[in-house]
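*Asks:* So you can see what is in the structure, the chains are spelled out below.
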Amino acid sequence: MFKKLNITCNQATTICDKSQYGNASFFDKIKLQIHFIGCKICAMYSKQNVLLTKLYKIKATNIKRKQDSLCMTYQEKEVLRKEFEKQNV
Amino acid sequence: MSSPSPITHTLDPAKWIDNYSDYLFRYTIIRINDHEISKDLVQETFFSGLKSAKNFEGKATERTWLISILKRKIIDHYRKTNSKKGQAEVRMNFYNDGENEGDWIEQRVPQSWDNEVEKKLENTELQYQIDLCIEKLPKKYAMVFRMKTIQEIDTEIICKELDISSSNLWVIIHRARMQLRKCLEENWFNN
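Listed in order, the protein sequences are those of chains A and B. Each residue of the first sequence is one higher than the last, beginning at 1 in this note's numbering. Each residue of the second sequence is one higher than the last, beginning at 1 in this note's numbering.
With the rest of the complex left out, here is chain B (with noise of 0.2 angstroms):
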């Protein structure tokens, strides 16, 4: 140790589950919002966390460095569902290619909802509607319209998380939107 720094952490592992499993469960349910997969890899965490503890340099905290393991976890999870589903089938609303393209396809175009609809909006149902919809997008884009729409978390933050580029976030979120409309529209808002 040629120049320590002023402050060394140190790992205490005997306390994580006390002190991190909360934290990291939150973190992890929150991308992907399931109950069980969350706490296998929470477990799987602290299991790597233990394993690697020796290349623990000090440098950050106990909870970031957990936090970054994690992050490894989430990532390999995501790319294990994708391959293992393939990429999941994206109906998309635009023709592709040939004179119309990037037009409407007539049988995708918008519906007109009613007038009452914003009335409905804090309706219990809708909400669950929504839950639903959202179980229905293809993972990715599921966890890249959680993370940016419903918690509201930054662009650069998701796209550095996630290994995105912001130009495929948006690509996704255009996507994600689309398909959440037709969902919500079929189900709920023409009914």
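Pulled out of the complex, with its shape left as it was, chain A reads as follows (with noise of 0.2 angstroms):
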């Protein structure tokens, strides 16, 4: 029972990085926790990830907002327009 709750710092982290999905498990965050409290190193990890996560938030609101106008410039459509009737022969 104690040797399933004993992980490693790398396990731990992996759990870390899950849950910021919401795809940790409640067991999973149970051993996290558990890890935490002789493991100082991982617990500030944990913290680290949360800011981490609310970075990458705002990265994507930014990235999604610009999304809608990425597209191929007028040059490259008409270049493209070209080659492609080349082939539809």
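Watch out, some of these pointers could steer you wrong.
Claimed, not checked - Quick list of simulated restraints, FRET-style, between CB atoms: (1) E106/B / S25/A: 27 to 35 angstroms; (2) S25/A / G102/B: 15 to 23 angstroms; (3) Y74/A / E186/B: 39 to 47 angstroms; (4) R65/A / D97/B: 40 to 48 angstroms; (5) R63/B / V89/A: 21 to 29 angstroms.
Said to hold, decoys possible - With a straight-line cut-off of 25 angstroms between C-alpha atoms, the simulated DSS-like cross-links for lysine-lysine are: (6) K82/A / K66/A; (7) K160/B / K57/A; (8) K54/A / K140/B; (9) K182/B / K59/A; (10) K15/B / K39/B.
As the list claims (entries may be wrong) - To give an idea of the interface, some chain A residues facing chain B are shown, with a C-beta separation under 8 angstroms as derived from the structure: (11) N10; (12) Q11; (13) D28; (14) I37; (15) L52; (16) K59.
Read the hints as simulated data drawn from the structure, not as lab findings. By construction, the Cβ of each residue, glycine as well, lies at the ideal position given by its N, Cα and C atoms.
Join these two chains into a complex; the hints should help.
*Replies:* See below:
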């Protein structure tokens, strides 16, 4: 039983990352909390990880806002059109 | 045709560029993050579509059919870049064997950040720095990270598209976040 609760820092940080996407199980989270008691480094990693998630969320919003305007230029499309018409005969 | 489906879609290649080039391009650049390569892949998709138009059965819409071709092009592009570079070196943060297995490697232990970090998250330069750090990741990690974290695409869809298992996806996400964290720390949070 106790062995199951005992995880390495690598496993702890993996759970930590998963939980940032809402994908860690309840049991995983318990193991993580127990790990934090003895490991301040992972506890800090976890705290910083929450900040990073916030940072990436901002990034995601910024990118999505710009995304709709992502397209090929008019010239690029014309080049493509010519190439395509050569093939489509 | 023994049992024709109620709706049969048709192809109209002459209108592809007007109707789908933006859509396909956006689909690609979100995943590849490179204007030139995305442009080339869209072009290749149209060419392949033309070549295999006779195999089109009309079951899917034109757009869905083109996307399915594009998806294969994107995966092929990935496989190529991955094998070209070999397996990009991944410097992990943990000991891989021996007594310390799974523990932090001393010189890779996370450093504490200053308390002001939270206020700086919207900083434009920091937002730009994220791009630089993602670029340093192995291509496959960058793609999975972008799809999952930036585009917020469902795990299942990513796994299906890239033909990886979900545990594989989480290992990639874990490593990507580890490396990004390190990169941002070195270039930003510790200054």
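*Asks:* All hints are to be evaluated individually against the structure, with a verdict given for each.
*Replies:* Evaluated hints:
1. E106/B / S25/A: 27 to 35 angstroms: holds (31 angstroms)
2. S25/A / G102/B: 15 to 23 angstroms: At 19 angstroms between Cβs, range holds.
3. Y74/A / E186/B: 39 to 47 angstroms: holds (41 angstroms)
4. R65/A / D97/B: 40 to 48 angstroms: For R65/A and D97/B the Cβ distance comes to about 46 angstroms; the hint holds.
5. R63/B / V89/A: 21 to 29 angstroms: 24 angstroms Cβ-Cβ, so the 21 to 29 angstroms window holds.
6. K82/A / K66/A: violated (29 angstroms)
7. K160/B / K57/A: holds (24 angstroms)
8. K54/A / K140/B: Roughly 23 angstroms separates the two Cα atoms, so the pair holds.
9. K182/B / K59/A: Answer holds: K182/B to K59/A is near 18 angstroms, not above 25 angstroms.
10. K15/B / K39/B: holds (17 angstroms)
11. N10: OK, holds: N10/A within 8 angstroms of chain B, min 4 angstroms.
12. Q11: holds (6 angstroms)
13. D28: Since chain B brings no Cβ nearer than about 11 angstroms to D28/A, farther than 8 angstroms, the hint is violated.
14. I37: Since the shortest Cβ distance to chain B is 16 angstroms, the answer is violated.
15. L52: holds (6 angstroms)
16. K59: Nearest chain B Cβ about 5 angstroms off; hint holds.
Figure legend: structure checked against the earlier numbered hints; hints not met, in rising order: 6, 13, 14.
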